[in-house]
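Trainee: So the protein sequences, as listed, match chains A and V. Heads up: the first sequence at position 116 corresponds to 197 in my numbering, and the numbers run straight through without jumps. Heads up: the second sequence at position 5 corresponds to 316 in my numbering, and the numbers run straight through without jumps.
Keep in mind the hints are simulated off the structure, nothing from the lab. Each hint should be verified, as a subset may be incorrect.
Not everything, but these chain A residues come out facing chain V in the computed CB check (under 7 Å) [claimed, not checked]:
1) 103
2) 104
3) 112
4) 119
5) 143
6) 144
7) 151
8) 190
9) 193
10) 194
11) 197
12) 199
13) 205
What follows is a list of derived Cβ distance ranges for each label pair [to be verified]:
14) V:342 <-> A:99: 44 to 52 Å
15) V:476 <-> A:100: 47 to 55 Å
16) V:557 <-> A:100: 52 to 60 Å
One-sided excerpt, in silico: chain A residues whose CB lies under 7 Å from chain V [said to hold, decoys possible]:
17) 108
18) 141
19) 147
20) 157
21) 158
22) 185
23) 222
24) 224
Idealized CB from N, CA, C, for every residue including glycine.
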Amino acid sequence: MRRLTVLVTYDSIRPVRWNIDYHSGVPVYLQLVQQVQSAVAAGTLRDGDQLPSVRVLAEQLRINRNTIARAYQALEAEGVIANRQGAGCFVTASVTPLRRSVRTERLAAAIDGVIVQAHNLQVTGDTLRSLLDERLRRFKASKGGES
Amino acid sequence: MTSEGAVIEIDDLHVRYGKAEAVRGLRLRVEPGRCHALFGRNGAGKTTTLKALLGLAPVDRGTLRLFGLDPWAQEAQVKGRLAFVPDAPGFYPWMSVREALEYAASFRPRWNRELEQHLLAKFGLDPAAPAKGLSRGEKTQLALIAAIAADPELLILDEPTSGLDPIVRRQFVEAVISAFQDRNPERRTLLISTHLISELEGVIDSFTVVDGGRDVMTLGADEARGRFQRIRGWFEDQAPASFPIRTLQPPRREGRMLEVLVDHQPEEAHRWLTAAGASRVEATALSLEEIFLTAAARTP
């Protein structure tokens, strides 16, 4: 039991999967911003959770401190986190609009991929739309009584 | 015409070494709080440029400004605000590590004793050890401690990690991030000359590729990775025989796959491949090292 408690505590202080991919072509600070946004959207980061300090995260990821500071500033400007003088950065957004926009963006990217495929397979927009409806119906039916 | 705010400003720099002109019209501008790297092959003119900045090589022609000041006419004001770690630092052989640091501190009004102790412990250097018995890596570590403890606004590193083992290189980069950037990181400026780029990938904000004594390319790191991309498209049948957009290298065609290397607007290449019927298109940004290698390959 004791060991389990320790594991849970360890996990609870690392709710963000910090990972810099230099081959993505996405600016490094923006990758950090998106990772925090995703963690908030997924609910692994919640209102009141503390983010690692700029120093700790910079050393861990071996990136420039100013890059982390820039990411935190952007998140602060979006109202996702608040910088409490001396105490650190804390999540303030369990705000639904952000979570919705992040989710929508994600889905939009996946749908774009499908549209490109449909185009290459010479499937028309109407066929694609009716296919989507059909799949949605099937998905709902498979979930049965759940709503 | 000095624009305000730049920590380093070099314009049309020419430096002659004997008969050879090592630097031929180089330009460089570094803003405060930035980490700027000079990439270049050996003999490209990186070290000579740094030497000119430090007043160690005579300027033939051109302008040099550090903190908006003339580093030759206002030497004392300029030198008090910067620190330099050469590629192969030397110390008086009769001194111990402790004495070498005391000696360095005697020239510096703002010596950070606490940081010095912290770094000595981090690197595991024995203060009583004689300087002459130090390995190359330990000498570089000692020089870095002396440079960072001096609390400079500008830290200049010449090939800081070449000849060091991977663990020492890693410690070195961490020390730069954690110790040098510790207070007021927005005002700590770093100029690094290197050809070992990958370990500094996340630290570098912007870079200049130096070749033949000239700056051949200056870009922000994020901008560079956004522009230099390798794009692959997979087709149902044979890949198209030609590609209409300018590429860095001739397009590579392998059966159903076409691979191109572009240095601007990768979305355009992406779109063309999709429109040409690729069923899958994959884009990979080049690392700074790969970008340097392609830039170096293009200059004769």
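Trainee: Evaluate each hint against the coordinates.
Mentor: Hints, one by one, checked against the model:
{"no.": "1", "hint": "103", "result": "holds, 5 Å"}
{"no.": "2", "hint": "104", "result": "holds, 5 Å"}
{"no.": "3", "hint": "112", "result": "violated, 10 Å"}
{"no.": "4", "hint": "119", "result": "violated, 20 Å"}
{"no.": "5", "hint": "143", "result": "holds, 5 Å"}
{"no.": "6", "hint": "144", "result": "holds, 3 Å"}
{"no.": "7", "hint": "151", "result": "violated, 10 Å"}
{"no.": "8", "hint": "190", "result": "violated, 14 Å"}
{"no.": "9", "hint": "193", "result": "violated, 11 Å"}
{"no.": "10", "hint": "194", "result": "violated, 9 Å"}
{"no.": "11", "hint": "197", "result": "holds, 6 Å"}
{"no.": "12", "hint": "199", "result": "violated, 11 Å"}
{"no.": "13", "hint": "205", "result": "violated, 17 Å"}
{"no.": "14", "hint": "V:342 <-> A:99: 44 to 52 Å", "result": "violated, 27 Å"}
{"no.": "15", "hint": "V:476 <-> A:100: 47 to 55 Å", "result": "violated, 26 Å"}
{"no.": "16", "hint": "V:557 <-> A:100: 52 to 60 Å", "result": "violated, 33 Å"}
{"no.": "17", "hint": "108", "result": "holds, 4 Å"}
{"no.": "18", "hint": "141", "result": "violated, 10 Å"}
{"no.": "19", "hint": "147", "result": "holds, 6 Å"}
{"no.": "20", "hint": "157", "result": "violated, 16 Å"}
{"no.": "21", "hint": "158", "result": "violated, 17 Å"}
{"no.": "22", "hint": "185", "result": "violated, 21 Å"}
{"no.": "23", "hint": "222", "result": "violated, 31 Å"}
{"no.": "24", "hint": "224", "result": "violated, 31 Å"}
The structure shown violates the earlier hints numbered 3, 4, 7, 8, 9, 10, 12, 13, 14, 15, 16, 18, 20, 21, 22, 23, 24.
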